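Asker: Whole structure, please, built from the sequences with the hints as guidance.
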Amino acid sequence: MPDLVDAGRLGLGLAFGVAVLQLLLGLAGVVRRTPELSRGAANAASVQAALLTVVVAGLAAGFLARDFSIQFVADHSSSAMPTGLTIAALWGGQEGSLLFWTWSMSLFAAFATRRMLTADGVVGPHGIVVLSGLQLFFLGVLVFTSSPFSRLVAAPAEGRGLNPLLWDSGMQIHPPMLLSGYMSFGIPFAFAAGLLLAGRVTQPWLREMRNWMLLAWAIQSAGLLLGAWWAYRVLGWGGYWGWDPVENVALLPWLVATAYLHSALAQERRGQLRAWAIGLVLVTYALAIFGTFVVRSGILSSVHNFALSDVGPIFFVFVGALLILSAALFIYRLPLIRSDEPITDVASKEAGFLINNLLMLAIAAATFWGTVFPMVTEIVQGARIAVGPPFYTQVNVPLLVATLGLLAIWPLLAWRRTSLRAAWRATRWPIATLVLVSVLLAVLGMRDGLPIIAIGLTAAVAVGVALEYVRSLRAGLARRRQATTGPYPLMVGNRRRLGSYLVHLGVAILALGIIASAAFSQETAATVERGEAVSLGPYDVVFQGLRSSAQPGLNTVVAEVDVLRDGAVIDRLSPSRRIHAGWENQPTADVAVSTTLPHLDDVYVLLSSWDGSGASATIRLLVNPLVVLLWIGGIVYFVGVLVIAWPVERRETAAIAGVASQPAAS
Amino acid sequence: MNAATTTSPRPRLSGKLLLLAAAFSAAVGFLIWTGTQGATVYYHTVGEVRDMGSDAYYRLIRVNGTVADGSIQSSTDSNLISFDLQDDSGRLPVEYRGTPPDLFGYSTQDRYQEVIVEGQLEPSGAFRARSLIVKHGPEFEPREIPSQ
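Sequence order for the protein chains is S and V. Letter 310 of the first sequence, counting from 1, is numbered 309 in numbering that gives the first Met the number 0, and no numbers are missing. Letter 126 of the second sequence, counting from 1, is numbered 125 in numbering that gives the first Met the number 0, and no numbers are missing.
Since the hints were derived computationally from the structure, they do not count as laboratory data. Since the model is a prediction, treat every value here as computed from it, not as a measurement. All residues carry an ideal CB built from backbone N, CA and C; glycine is no exception. Hints are not guaranteed to be accurate.
Just the calculated beta-carbon pair ranges, DEER-fashion [what the hints assert, rightly or not]:
1. S:A431 to V:S53: 57 to 65 angstroms
2. V:G28 to S:D2: 56 to 64 angstroms
3. S:D447 to V:K134: 28 to 36 angstroms
4. V:D50 to S:V379: 19 to 27 angstroms
5. S:V379 to V:Y57: 23 to 31 angstroms
6. S:I172 to V:A22: 37 to 45 angstroms
7. S:A56 to V:K134: 33 to 41 angstroms
8. V:A25 to S:L435: 31 to 39 angstroms
9. V:A25 to S:A56: 53 to 61 angstroms
10. V:D50 to S:G139: 44 to 52 angstroms
11. S:N493 to V:G14: 25 to 33 angstroms
12. V:S53 to S:S149: 54 to 62 angstroms
13. V:G28 to S:P389: 15 to 23 angstroms
14. S:R65 to V:G28: 53 to 61 angstroms
Answerer: Structural data, given as C-alpha cells:
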C-alpha cells in the first residue's frame with residue numbers, strides 16, 4: 000500500500016510550485032506583452048488542476064481504504080459508515096473542505112484561463128494574473144495551515160466517525176455545492192479585476208464575465224436550496240431557514256449576484272449601468288470571501304460550527320485587502336467604465352432592472368446588518384445581543400413582496416420607455432389576475448393580508464409568464480405555416496428571456512411557499528400510548544408501535560404511525576431516531592414527511608422520545624402548509640436556468656451603439 | 000472609450016428615478032432601524048438578572064446557561080415545563096409553556112445541557128421563557144474515540 004500521506008504532501012507541494020510558476024508566467028505575459036507566456040500560464044492552470052485532482056483522489060482513496068493513520072480520515076470517518084458517506088466525509092472538516100475548494104477552483108480556472116485568452120487578447124492576460132493570484136492564495140492557505148495530510152503516530156483501530164447530523168445523503172451534495180458556489184464567484188471577479196487592470200471594456204469580455212457569473216450564481220442557488228431542503232428533512236426543527244449567520248452569509252453573494260445579472264442585461268442591451276454592474280461583481284466576491292471567513296472562523300455563534308479553525312484571521316486579512324484593492328482600482332478606473340446612457344423612464348424594462356437591484360441590495364444590506372450587528376455591539380459596547388428572526392421577517396418580507404410585485408409587472412414592459420397605454424396593454428392580465436385572486440381569497444374567508452397578496456402576485460407572475468410563452472409559441476407556429484424552407488424552431492423569441500421568465504416563476508412560487516408556510520405553520524407534541532393519536536387541525540397521527548434495528552455502531556428506533564385526515568387514513572410514516580456509537584447524547588432524528596394532496600400540507604412527524612417498553616412515545620407533529628412549493632419552485636427555477644444556459648449556436652448580436660468601444664473580436 | 004461622452008454632463012439616471020431610489024433607500028433604512036430596535040434582545044447572566052431586581056420584570060431578555068441536573072419537571076396535561084437554569088453566577092427557575100425543542104433533556108457527557116432562554120422575569124422570581132433554544136456544543140465532536 001503506497002503511503003498516501005507522503006504522496007498527498009508531494010502532490011500538494013508540486014501543485015503549489017506549479018501555481019507559483021503560473022502566476023509568474025501570467026505576470027511576465029502582462030509585463031512583456033507576450034501572448035505565449037500567458038498561454039503558458041493557462042497551461043500551468045491545467046497542470047495544477049490535474050495535480051489537485053490526483054491529490055483529491057488520493058485522499059478519497061484514504062477514506063475508502065479506511066486508512067486511520069491519516070489524521071483527517073480518522074477524525075471524520077469510521078468503518079461503520081457506508082461508502083458514499085465516507086467519500087462525502089472528505090468535505091466534513093476544515094482541511095478537506097479547503098482542499099475541495101482549491102481543487103474545484105483549479106478545475107474552473109483551467110477552463111476560465113483559456114476562455115479569457117480567446118475573449119480578449121489584451122484583457123485576458125490581466126484576468127489570468129488575478130485568477131492565478133487567487134488560486135495561489137488558497138493553495139498557500141491549504142498547504143501551510145490546513146493540509147489534510149498529517150499522520151497519526153499511532154493509528155487508531157477505529158475512526159471517530161462523522162457527526163450523525165451529517166449522516167445523510169444530502170451531505171453528498173449540499174456542502175460541495177455551497178463550497179463550489181463560494182469558490183466560483185472568484186472567476187467573474189477575476190474577469191472584473193482583469194478588465195479594471197487592463198483599463199479596457201469590450202463586449203466579448205463582459206459577456207464571458209456574465210456567463211461565468213451565471214454559472215456561479217446557479218451553483219450557489221442550488222447550494223442554498225439544497226441547504227433549505229436538508230435543514231427541513233434532516234435537522235428536524237420543522238423549518239428550512241433560520242436566519243442563522245451561516246445561512247445569511249451564503250445568501251448575501253447570491254443576492255448581489257442576482258442584482259448583477261440584471262444590471263448586466265441593461266449594460267448589454269442598452270449600455271446602461273456598466274460601472275455599477277462591474278462594481279457588483281467585486282462586491283459579490285468580497286461577500287463570498289466574507290462568508291467563508293464567517294463560516295471558517297466561527298466568529299459568529301452559529302449552529303453550524305462544524306469546522307472551527309485558525310484560518311479565520313487569514314481570511315479576515317484577505318477580505319480586507321480584497322475590499323481595499325478592489326475599491327481603489329474601481330475608483331481609479333471609474334471614468335473609463337462609466338456608461339453614458341441614462342435610464343430615463345420608470346415604465347421601462349431597464350428601470351425594472353434598477354428596481355430589482357435596489358431590492359436585492361436592500362435585502363442584502365438588511366441581512367448583512369442583522370448578521371454583523373451583534374458582533375459590532377459586542378466589540379463596541381461589550382454587551383452580548385441577539386438579533387432574532389423577527390428582525391429579518393420584519394425587514395425582508397415587505398421587500399420580498401415588493402420583489403414579487405416587480406416580477407409581475409416590469410418584465411412585461413418594453414425597453415427605453417413604455418407609454419401608459421402600452422404598459423396597460425402589456426400588464427392588464429396579470430393585474431386583473433392579482434385583483435381577482437386577492438378578492439376571491441378575501442371573499443373565501445382568508446384574513447391575512449400578506450398571504451393574500453403573495454398568492455395574488457404569484458398568480459399574476461404565472462399569468463404573465465404564460466402569456467409570454469403563448470405569444471412566443473404563436474409566433475413560432477405562424478412562421479412555420481409561412482415557411483417554405485425549414486426547419487424553424489417551435490418557439491420564436493429570445494431564449495434567455497424565456498428562460499428567465501421561468502426563473503421568475505420559480506422565484507414567485509418559492510416566495511409564496513416561504514410566506515404561506517411562515518404564516519400558517521402549526522406545531523404540537525404529545526406523549527401517546529399505542530393506538531392513541533396526536534392531533535393538529537384536521538390531522539391525526541396515530542402511534543402504532545415501535546420497532547428497532549441494530550447494526551454495528553448504530554441503533555435505530557422506528558415509530559410506525561398512521562396519518563389521518565378527517566378520520567381517514569391517508570399515509571403511513573416511519574419517523575425514527577438513530578443512535579450512533581460515540582454519539583449517544585445526540586440521537587439524530589429522521590423526520591418523516593407526508594405531503595397531502597390536494598391541500599399541499601406537509602405533515603411533518605418526528606419521534607422525540609419513547610419509553611423502554613415501547614408502549615408509549617412522544618411524537619412531535621408539525622403541519623407546514625405549502626412548504627412543498629419551495630421544492631416545486633426550485634425545480635421550475637432550475638429548468639429556467641437550463642433554458643438560459645443551454646448551449647446553442649448563437650448569432651453574435653451586433654454591437655449596440657455606445658456600448659462597445661472596441662469592435663467585437665470574432 | 001469615447002472621451003467626449005464620458006465627460007458629458009448628462010445625468011445617468013433621470014431625476015425621477017433618482018428620487019425614487021432615494022425614497023426607497025430611506026424607507027429601507029427606516030425598516031432596518033426600527034427592526035433593529037424591535038428585535039434586539041440583550042443577553043444577561045443569571046447573576047445580572049438577580050442584581051437587576053425589579054428592573055428586570057417584564058423586560059425581554061436572553062439568559063444563557065446549563066440545565067441543572069435533574070431539575071426538569073414537566074406536567075403532561077398543561078404542556079408546562081420547568082427547570083433550573085444555572086451558570087457561574089447562580090440558579091434561575093425557568094418556566095416554559097409549549098413544545099420543547101427536539102433534543103431538550105438529553106444530557107451531554109459530563110455536564111447537563113446548555114440552553115438559551117428568551118423571555119421575561121416575573122415578580123414571582125420565575126423566568127417565563129417564550130422561547131427555548133438548545134445549544135449544540137461549540138463543536139460537534141465526541142469526547143473520545145469510541146473503543147472497539
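Asker: Next, verify each hint and record whether it holds.
Answerer: Results of checking the hints against the structure:
Checked against the hint of 57 to 65 angstroms, the pair A431 (chain S) and S53 (chain V) passes, with Cβ atoms roughly 59 angstroms apart. The supplied range of 56 to 64 angstroms is met by G28 (chain V) and D2 (chain S), whose beta-carbon atoms lie about 59 angstroms from each other. Checked against the hint of 28 to 36 angstroms, the C-beta distance between D447 (chain S) and K134 (chain V) comes to roughly 33 angstroms, which is consistent with it. A hinted range of 19 to 27 angstroms holds for the C-beta pair D50 (chain V) and V379 (chain S), which are about 23 angstroms apart.
The beta-carbon spacing between V379 (chain S) and Y57 (chain V), approximately 27 angstroms, falls within the hinted interval of 23 to 31 angstroms. Hint check: I172 (chain S) to A22 (chain V), Cβ distance near 43 angstroms, so the stated range 37 to 45 angstroms holds. Distance hint for A56 (chain S) and K134 (chain V): a CB-CB separation of about 38 angstroms, consistent with the stated range 33 to 41 angstroms. Distance hint check for A25 (chain V) and L435 (chain S): the Cβ-Cβ separation is about 34 angstroms, which falls inside the suggested range of 31 to 39 angstroms.
One distance hint, 53 to 61 angstroms for the beta-carbon pair A25 (chain V) and A56 (chain S), holds here, with the actual separation near 55 angstroms. Our hint of 44 to 52 angstroms for D50 (chain V) and G139 (chain S) holds, since their Cβ atoms are close to 50 angstroms apart. For the hinted restraint 25 to 33 angstroms between N493 (chain S) and G14 (chain V), the CB-CB distance of approximately 31 angstroms keeps it satisfied. Between S53 (chain V) and S149 (chain S) the beta carbon distance is about 57 angstroms. The supplied range of 54 to 62 angstroms therefore holds.
Against the hinted window of 15 to 23 angstroms, the Cβ-Cβ separation of G28 (chain V) and P389 (chain S) comes to about 18 angstroms, which satisfies the hint. Take R65 (chain S) and G28 (chain V): their Cβ atoms lie about 56 angstroms apart, and the range 53 to 61 angstroms holds.
No hint from the list above goes unmet by this structure.
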